[in-house]
Amino acid sequence: MGVVVVQLGQGGNQMGYALFRCLASASNSFPDQFFRSSDKKGKTKARAVIIDMEPKVIHGIIGRAKSAPAQINRAVWTYDARGVVTGDSGSGNNWARGYYDHGPYNLNSMLKAVRAEVEQCDVFGGFIILQSMAGGTGAGLGAYLVEALKDEFPSSFILCYCIWPYESGEVIVQNYNVLLTLSHLQSFADGIIILQNEQLSIICRMLLSIQRPSFDDLNELAVQGLGCILLPSYWRAIETSSRPVSRAASKGDSESKLSNDNSGQSRVRILSDLLASLCFHPGYKVLTLRFTPQVPAQSLAFTNFTWDAQLKYLRQMFITGAHKELEMDWNIQLPRSAVHNNKQAMLSPTVPYLVNRSVASLLILRGNESEYVDVSGFADDRLYPIWQVDPLSVASSSSMYGQYELAACLISNCQSSVLPASRALTKGYKMLASRAYLHQYFEHGMEHASFDSAFASVEDIVCRYSTL
Amino acid sequence: MARRNKDSSDCLPTISESLTYLCTILSPFGVTQLSPRNLLSAAANEPSASPSIWSALHQLICLQLASPSSSKPVANVLLCRLQEVDRDHLRPHDVTVIVKFYLSLWGFPFNSRVFSLCYDTGESQNLLLPLAWLISRCDIFKRALDARIENLSPRSFKVFPFAAADVSKTMVAAERARQARTKSEIYIQKLVATSSSLPDIGLRAKARSQQTLMLYGRVRMALMALHSSVSARAKFIHKLNHMQRELKIKDQDGHAFSQLDVHILEHKEILDKDFEALQAGTHVGKEVEMCELHEKTFWQWMVSVVVSRESQGCSDQEIPTHPERLKVLSEFCTTSIIPVVEQLKHYAVAQENLVRVPRDPKSMEIQVDSQMLNLEQLSVPVMVKQEVPTFLPKVLFPLHEVKFTLESAPTGGLPPTADSDAESIVERLKLIATALVQVHAKIRSRNRICLEEAMSKYTTQDYVLHNFWPEDSFIHR
Numbered sequence: 001m002g003v004v005v006v007q008l009g010q011g012g013n014q015m016g017y018a019l020f021r022c023l024a025s026a027s028n029s030f031p032d033q034f035f036r037s038s039d040k041k042g043k044t045k046a047r048a049v050i051i052d053m054e055p056k057v058i059h060g061i062i063g064r065a066k067s068a069p070a071q072i073n074r075a076v077w078t079y080d081a082r083g084v085v086t087g088d089s090g091s092g093n094n095w096a097r098g099y100y101d102h103g104p105y106n107l108n109s110m111l112k113a114v115r116a117e118v119e120q121c122d123v124f125g126g127f128i129i130l131q132s133m134a135g136g137t138g139a140g141l142g143a144y145l146v147e148a149l150k151d152e153f154p155s156s157f158i159l160c161y162c163i164w165p166y167e168s169g170e171v172i173v174q175n176y177n178v179l180l181t182l183s184h185l186q187s188f189a190d191g192i193i194i195l196q197n198e199q200l201s202i203i204c205r206m207l208l209s210i211q212r213p214s215f216d217d218l219n220e221l222a223v224q225g226l227g228c229i230l231l232p233s234y235w236r237a238i239e240t241s242s243r244p245v246s247r248a249a250s251k252g253d254s255e256s257k258l259s260n261d262n263s264g265q266s267r268v269r270i271l272s273d274l275l276a277s278l279c280f281h282p283g284y285k286v287l288t289l290r291f292t293p294q295v296p297a298q299s300l301a302f303t304n305f306t307w308d309a310q311l312k313y314l315r316q317m318f319i320t321g322a323h324k325e326l327e328m329d330w331n332i333q334l335p336r337s338a339v340h341n342n343k344q345a346m347l348s349p350t351v352p353y354l355v356n357r358s359v360a361s362l363l364i365l366r367g368n369e370s371e372y373v374d375v376s377g378f379a380d381d382r383l384y385p386i387w388q389v390d391p392l393s394v395a396s397s398s399s400m401y402g403q404y405e406l407a408a409c410l411i412s413n414c415q416s417s418v419l420p421a422s423r424a425l426t427k428g429y430k431m432l433a434s435r436a437y438l439h440q441y442f443e444h445g446m447e448h449a450s451f452d453s454a455f456a457s458v459e460d461i462v463c464r465y466s467t468l
Numbered sequence: 001m002a003r004r005n006k007d008s009s010d011c012l013p014t015i016s017e018s019l020t021y022l023c024t025i026l027s028p029f030g031v032t033q034l035s036p037r038n039l040l041s042a043a044a045n046e047p048s049a050s051p052s053i054w055s056a057l058h059q060l061i062c063l064q065l066a067s068p069s070s071s072k073p074v075a076n077v078l079l080c081r082l083q084e085v086d087r088d089h090l091r092p093h094d095v096t097v098i099v100k101f102y103l104s105l106w107g108f109p110f111n112s113r114v115f116s117l118c119y120d121t122g123e124s125q126n127l128l129l130p131l132a133w134l135i136s137r138c139d140i141f142k143r144a145l146d147a148r149i150e151n152l153s154p155r156s157f158k159v160f161p162f163a164a165a166d167v168s169k170t171m172v173a174a175e176r177a178r179q180a181r182t183k184s185e186i187y188i189q190k191l192v193a194t195s196s197s198l199p200d201i202g203l204r205a206k207a208r209s210q211q212t213l214m215l216y217g218r219v220r221m222a223l224m225a226l227h228s229s230v231s232a233r234a235k236f237i238h239k240l241n242h243m244q245r246e247l248k249i250k251d252q253d254g255h256a257f258s259q260l261d262v263h264i265l266e267h268k269e270i271l272d273k274d275f276e277a278l279q280a281g282t283h284v285g286k287e288v289e290m291c292e293l294h295e296k297t298f299w300q301w302m303v304s305v306v307v308s309r310e311s312q313g314c315s316d317q318e319i320p321t322h323p324e325r326l327k328v329l330s331e332f333c334t335t336s337i338i339p340v341v342e343q344l345k346h347y348a349v350a351q352e353n354l355v356r357v358p359r360d361p362k363s364m365e366i367q368v369d370s371q372m373l374n375l376e377q378l379s380v381p382v383m384v385k386q387e388v389p390t391f392l393p394k395v396l397f398p399l400h401e402v403k404f405t406l407e408s409a410p411t412g413g414l415p416p417t418a419d420s421d422a423e424s425i426v427e428r429l430k431l432i433a434t435a436l437v438q439v440h441a442k443i444r445s446r447n448r449i450c451l452e453e454a455m456s457k458y459t460t461q462d463y464v465l466h467n468f469w470p471e472d473s474f475i476h477r
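Protein chains in written order, with UniProt numbering: chain A, 1 to 468; chain B, 1 to 477.
These aren't lab readings, by the way, just hints derived from the structure by calculation. Among these hints, one or two may not hold up.
[Unchecked claim] Below, simulated DMTMM-like cross-link-like pairs (lysine to aspartate or glutamate); rule was C-alpha separation at most 20 Å, straight line:
1) B:Lys235 with A:Asp122
2) B:Lys190 with A:Asp390
3) B:Lys239 with A:Asp381
4) B:Lys235 with A:Glu152
5) B:Lys206 with A:Glu119
6) B:Lys235 with A:Glu119
7) B:Lys183 with A:Asp390
8) B:Lys190 with A:Glu239
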């Protein structure tokens with residue numbers, strides 16, 4: 001099943017390159033969902049459409065892909081030149097310019113490139129949109145393209161992987177941009193993964209010993225969880241057999257990278273199964289990724305990983321809504337009863353919530369003995385609303401994930417997903433009230449009502465999650 | 001006598017081929033005394049063929065008694081049927097008696113000459129008719145064909161599939177569909193149970209509204225996935241057809257291969273299985289055709305035998321005059337009834353399990369005596385024909401549950417209506433004999449009384465002759 005990755009804007013393209021690098025290096029062979037062979041020369045190409053209104057970043061990543069050193073026993077991959085859509089001038093972090101100008105102007109060429117890539121797929125699984133929410137191209141053009149893709153391919157799944165900007169303010173109008181983008185994606189995308197730059201930066205500094213993380217470092221960390229989800233895995237039950245779990249996985253077991261290690265189990269179909277198990281409720285589409293272990297690369301060889309420890313950290317991260325393993329509040333515990341008073345659970349940016357409740361979760365385990373690990377702690381009823389049934393889905397693969405002997409990624413449709421939106425909403429209302437920078441949007445055809453409806457939509461999302 | 005049917009096409013086998021076929025299919029059923037030469041000799045009325053035809057008749061009767069409908073070969077029919085009889089002491093006369101008895105019992109025309117023939121008779125041609133009659137009754141051709149077909153066709157291909165299976169309905173797809181359906185049903189049940197268990201009505205309503213939205217979302221996504229699969233399928237078919245057009249690949253009729261064809265060609269094991277089934281089906285068809293042709297030829301030959309017989313002036317014996325037939329029949333009865341009863345005794349042993357135990361076990365001897373009294377009354381030849389049916393129920397009906405009686409009754413369980421004295425006497429003999437068998441079986445099954453001890457006094461020749469055939473009522477009529 002083929003999945004087409006659409007890389008939008010500077011952030012999306014850089015992250016896309018990091019994603020394909022991660023996917024190519026994490027397994028023995030190129031996953032055919034994301035790579036294909038070119039007929040003429042047998043080169044491996046990424047199933048990607050790269051779009052940016054400025055050519056600089058695109059040329060950069062294409063050049064890097066071509067010049068990347070060949071892996072042992074494996075050819076390098078590259079981008080297909082027919083999947084490149086670029087313009088002469090950028091969006092200038094103007095959402096309206098991206099949505100109202102660049103979008104309609106470049107629609108045909110974008111759809112043409114997308115169609116060409118979709119036709120290369122024997123069985124088309126859907127789109128993954130990589131974009132930033134703060135800028136103009138990724139945010140504005142991205143929102144427009146998602147609507148267009150939904151019109152053009154109405155039965156295709158669309159998963160948006162969005163970079164949430166630093167809250168300190170990379171772009172002065174980022175609050176507007178994120179809210180406008182989120183409101184549009186909520187209407188047209190099937191799932192939205194929010195990735196906070198803030199959290200990535202903290203993880204890099206505190207856990208990965210990278211004091212001044214570059215964009216490459218951030219992107220590499222950003223795609224770690226996504227790659228863990230997108231690589232082949234197999235459904236498994238929450239309850240396990242009595243086979244004991246080995247305390248310490250063997251190190252450097254290159255044979256465990258084989259991909260045919262889960263014969264007889266049904267494979268997770270990328271996007272359709274993923275989204276069907278997480279975003280089945282039309283009102284809850286915002287997702288969060290949590291990945292473990294968060295260990296510097298140079299420490300991997302000296303660290304003993306155990307499933308119990310990894311899942312313990314991951315579960316607490318899940319309960320508290322944290323994104324990093326350190327400085328979690330271990331005092332936060334699950335309430336006694338699953339039925340609680342929903343009327344008081346209004347989400348407030350200043351009053352921290354106690355337990356991070358979720359609509360549904362998907363846990364993916366990779367590594368030795370992953371089929372037998374007990375994960376029933378993640379299926380606790382107190383973590384989910386009272387009307388939910390079978391909220392947890394689990395998949396596993398006994399193959400190693402890159403350098404990690406054991407890796408676990410939890411993607412959850414939970415309250416913590418909309419915390420940044422809640423904060424941005426507060427700031428956005430303040431700016432809107434003072435009519436700050438609105439002229440940049442109005443000159444491209446936007447109206448005040450667009451802001452009102454977008455803000456109301458996001459407020460609706462936040463309110464819905466708060467009453468879980 | 002025609003050797004080949006001139007009316008049919010050239011594909012009809014010769015008579016000798018058909019007779020050879022007949023002997024071949026009779027052999028597994030234990031009828032080993034027959035050969036094409038014997039049959040042809042019998043058709044020519046040669047005395048040398050008589051013993052083999054009598055033996056064949058006897059073996060066919062044994063076959064029918066041992067396994068009336070089975071298509072499986074019966075090894076040594078004679079032995080399994082006459083287990084309690086010393087085979088070495090089976091005399092030719094016994095063979096003829098048994099054959100005649102069962103022919104009459106099973107409804108072969110009683111005026112046939114076979115009843116007056118001896119073992120080494122010179123009228124071997126007259127033995128062919130009962131042979132053919134028994135072959136028909138035993139359904140030999142069909143049974144042999146069933147046995148052959150069962151050996152030829154593989155177990156899994158009893159019938160060649162009449163249509164190709166749809167490749168989309170593969171085991172994996174079917175299993176996945178079944179799992180998805182089961183999972184959905186369980187999920188719905190859980191949803192309903194979850195919301196139903198909530199105590200507060202408002203909470204319950206809210207839960208159900210959320211669950212409704214969830215279900216809507218799931219259905220929507222399932223439809224999207226389904227659409228993707230359907231699109232992929234259409235794409236593959238188009239690709240297949242396009243590829244064939246480019247490569248100019250066509251089958252022998254000039255058509256492009258369908259996806260099923262390509263699937264089969266790609267998966268050789270499916271093709272091999274299909275060929276195997278086709279071959280098995282072809283063999284079966286050939287066997288059926290061959291059997292039909294041989295059977296047709298055999299019956300045509302039998303018709304020619306009858307025609308020849310009639311042209312030679314031989315016919316079934318006329319119904320003898322009253323004294324003559326009575327004399328013949330009485331000789332038959334006096335000399336042959338004991339072996340017949342003995343034979344029936346053995347048969348009763350085999351049919352023991354079919355006998356239902358009478359309710360009152362204590363008065364077995366009284367019942368035996370009562371039965372004997374009824375039999376004596378029934379056997380009085382002077383009894384008018386109208387009185388026979390009234391006595392029959394007394395004998396038969398209490399014992400009606402005996403399966404053997406119903407099956408062996410020539411009139412299908414109804415009281416026989418004799419049109420002539422001779423026939424009525426034969427019928428009465430049958431009734432008496434069967435009644436004896438019933439009583440034997442009852443006593444044996446219930447009280448484990450030795451058969452000879454309980455019935456010995458009833459089975460002596462003197463007793464039968466004295467009680468059933470008073471001399472003055474027979475000979476002097």
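Quiz item: Which of the numbered hints above does this structure break?
Solution: Numbers 3 and 5, in rising order.
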